[in-house]
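> Each chain, written out:
There are 2 protein chains.
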Amino acid sequence: MKTDKDSPLLLYRSLADSLNSLIEKETYRVGERIPSVRQMSKQQGVSISTVLQAYLLLENQGWIESRPQSGYYVRAMVRDHAPEPEISSPTKDPSQVSLHELAMMLMRDSTDPELVQLGAALPNPDYLPTEKINHALTKAARRHAVDGHKYIIPPGLEELRIQIAKRAVLSGSQISPSDVLITSGGLEAIDLCLHAVCHPGDIVAIESPMYFGTLQTLEVHGLRALEIPTHPRNGLNVEALSFAIQHNPVRAVIVISNFNNPLGSQMPDEKKRELVELLARHEIPLIENDVYGELYFGEKRPLVCKSFDKKGLVMLVSAFSKDISPGLRIGWVAAGRYKTELEWLKFTISASPPTLPQYAIADFIESGGYDHHLRRIRREYARNVELMSSAVIRYFPPGVRLTRPSGGFVLWVQLPENVDSLELYKKALASKITLAPGHVFSATNQYANFIRLNAAEFTYTTERSLERLGNIIKDMLGVAGLDAVV
Amino acid sequence: MKTDKDSPLLLYRSLADSLNSLIEKETYRVGERIPSVRQMSKQQGVSISTVLQAYLLLENQGWIESRPQSGYYVRAMVRDHAPEPEISSPTKDPSQVSLHELAMMLMRDSTDPELVQLGAALPNPDYLPTEKINHALTKAARRHAVDGHKYIIPPGLEELRIQIAKRAVLSGSQISPSDVLITSGGLEAIDLCLHAVCHPGDIVAIESPMYFGTLQTLEVHGLRALEIPTHPRNGLNVEALSFAIQHNPVRAVIVISNFNNPLGSQMPDEKKRELVELLARHEIPLIENDVYGELYFGEKRPLVCKSFDKKGLVMLVSAFSKDISPGLRIGWVAAGRYKTELEWLKFTISASPPTLPQYAIADFIESGGYDHHLRRIRREYARNVELMSSAVIRYFPPGVRLTRPSGGFVLWVQLPENVDSLELYKKALASKITLAPGHVFSATNQYANFIRLNAAEFTYTTERSLERLGNIIKDMLGVAGLDAVV
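In the order they appear, the protein sequences are chains S and W.
Going left to right, the first sequence walks through residues 1 to 486 as this note's numbering numbers them.
Going left to right, the second sequence walks through residues 1 to 486 as this note's numbering numbers them.
No lab work stands behind these hints: they were computed from the structure.
Some clues are possibly wrong.
Since copy identity is lost for identical chains, a pair holds within one copy or between any two.
To be verified - With a cut-off of at most 16 Å between alpha-carbon atoms, the simulated EDC-like pairs for lysine to aspartate or glutamate come out as follows: (1) Lys271 with Asp147; (2) Lys139 with Glu86; (3) Lys432 with Glu32; (4) Lys150 with Glu24; (5) Lys139 with Glu366; (6) Lys339 with Asp17; (7) Lys25 with Glu65; (8) Lys474 with Glu270; (9) Lys150 with Glu131; (10) Lys139 with Glu239.
Note that this is a predicted model, so its numbers are computed, not measured.
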């Protein structure tokens, strides 16, 4: 493990590396206690101080944690050994969104079968219940031969609304089937919410970084985005929002409280309550996008802000695009006091969502197929996110920070200050890899040295692509062979 | 046929009634020549002058027409014997649309299985190719097991865009597959067009009367509707539009050039050209809704305004909701110079239309199934419209005027001045019949004594409902047994 020739400086590093490797190989498994400082000193024949130094390094890297009166333990997630991105500090002035060109570019990429798709936040096609949902579609077409091709006017198919209302209990919200409006996907639901509560020029507070689709929806509506600092693990900073509300006429707030895209952050329940109460005091509507809510890695379904809503101000939006099928185009919104307005808007703008998919999804949920399917894919996504995190740590240069998502399937990576992610995007494309440059996650270009990686899939090709990406970044830093140096 | 006791005044009436009845029984068929005045005089033993009076009455009622040097012929359509509504003369000021409540009311009706549905302009479910399209859907789900559940980002599935571009040739327009953007139904396409070219407060010129869905879309966008006089058979009055443009900053024009809903009017080709040229001179975009274009009753597919478009100002919108399936939610737009903008808007607002239906419809068109299907339903709709027209004439009081649609499946009926169609709507509801009151076809309540009837279906129940409606109207006029008087 070590030799006498090692200088004291490198001795503790060498020890740390060895332990690191044992953790990676799961000789020491997550949650297990590693040998005490004293034991390790004895076992390895090194000084107490060398072991302490090694343990401190591993702790700083996130591999292990010390528990008072108990010792050192392997941390829950391997990826946790990399530092997380800093909490965001976007500019304080609302600004006009304009991301048109960048978004179109990413759009085009996402259809190119030649590219390794680390860009768009699309679910892994292998984790969609395609066979089962096709079966449900065929069954629906047979059973509802005539009705299956009629419009279903707002609020949408009752059978589906019943299933959605039943499941909502799991996330703490009490909504009835009549509270639910079925939409043509989650994006449309958010569009309708903004239609209902905002006028051009209004200010909408959002998390920063924020999924670029939402930024573009704001652009379409002529709205100004006010970006609120957001913690990479705990989500929206409610105190900062409170401050912002005091200084700006905020007309609405949009939040992905569970597994923000791109952060993967999850607001603690107490913060969700605070947020809802703050907005209730100011009578400001909250658009809560919970499209990733079912893809949690933990023990149980996280609550939604909607569960604390007493005034009907929270519009809870979700969709089946991430876990059943992007192509069926079925989402929904429980819009509280804006329900009637949204039903009318939905009818006016696009009449009704597709009919047969509503029957099929209702059937899939009711039969228990959805729950069974979710249990499986939650594990798969958790695993892929972990594998991709490890690969980023392995192949990207030191100094890189990355998120520790507690759900969903995207990773948010902070690169060294001087790496421009748009330049990286272009270089990666030349290597047949696409990714989402940080530029598109802010209306004020806060994240020029960030990238979002889609971790929905992790294969040999993914790993090789991440290695390639890492090398491109190292080239950009002008430090070839950098990892040999450290 | 007559007796000597008949006074001369009633003699010609009696002769006219007899001839009328022979025409209805098709003893004299559409297009046939009826006996000359001289022959009839001889045959019936009445004076030349009595026959002339009878023929004049029949001509005024629209049953027959005189052709110079040739004689009298049975007119092409039985329904043509009722007078058409007068050309519209809406107020000249743009006005804010607000039809919210009325539209919601009609929405709720349309789902009530207890009601006879003469209200919403829904296609006859029996005239949808449900079995064939379900087969195509199943086939698509099998063939495209993975891709069938992915997003298809704008402009949409290429196979479908190719089929649409090919068919466009029949309506005179030269569009390439890349000009076509697939949308979630026709309504969404119109919404996108308005998004692209208008800002809140702008003035949009529309036909009057106009389908209330469009009026509501204008309301959602905060746009002002400028209603242009429209001829019940020849559609939009281009001269009136030209005048309006000189006096108002018209930002866009919306037209249903083929089979306007509710008029069933068709603009003559020359008028379409004039319209496109007028707007080209003023650089005003035209949103052309051709959703009924395939449902023509004549010999060939009418042209679209788009076929005269040289500047890319015409946005041609259509959908498969009237002839394949309302529930699949597939429409499209060929947006000329606004193409790129619309693709971005579509992606931002609702990502993509449903995927499997795009494959299924492309397959249905390519296989020839669509053409075969259209040939059948055109005949059926023409027949139902004719039957309903006859029934309206039979059961409604005299003084009623109705349109002579050359396509589509709605009838527009002008009732006597003092009949309020909203009151009629309420009374009809009490008799389990729903219809569309004229109020919803204008932003300025021009059509209080009009109703739109959905003629997609004509059954025994339909006929009895029209008889009931006729009686209600007669009651409202306070002229019980009125038809006995005339």
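> Does each hint fit the structure? Answer for all of them.
Here's how the hints hold up against the structure:
1. Lys271 with Asp147: neither (44 Å within a copy, 40 Å between copies)
2. Lys139 with Glu86: Answer is neither; intra-copy 50 Å and inter-copy 50 Å both fail.
3. Lys432 with Glu32: Close neither inside one copy (40 Å) nor across copies (73 Å); limit 16 Å.
4. Lys150 with Glu24: neither (56 Å within a copy, 35 Å between copies)
5. Lys139 with Glu366: Cα proximity of Lys139 and Glu366: one copy only (14 Å, versus 25 Å across).
6. Lys339 with Asp17: Neither way: Lys339 and Asp17 sit 57 Å apart in one copy and 57 Å across, limit 16 Å.
7. Lys25 with Glu65: Neither. Shortest intra-copy (18 Å) and inter-copy (95 Å) distances fail the 16 Å Cα cut-off.
8. Lys474 with Glu270: Answer is neither; intra-copy 41 Å and inter-copy 67 Å both fail.
9. Lys150 with Glu131: Cα proximity of Lys150 and Glu131: across copies only (14 Å, versus 25 Å in one copy).
10. Lys139 with Glu239: neither (51 Å within a copy, 54 Å between copies)
Going through the hint list in order, the structure does not satisfy hints 1, 2, 3, 4, 6, 7, 8, 10.
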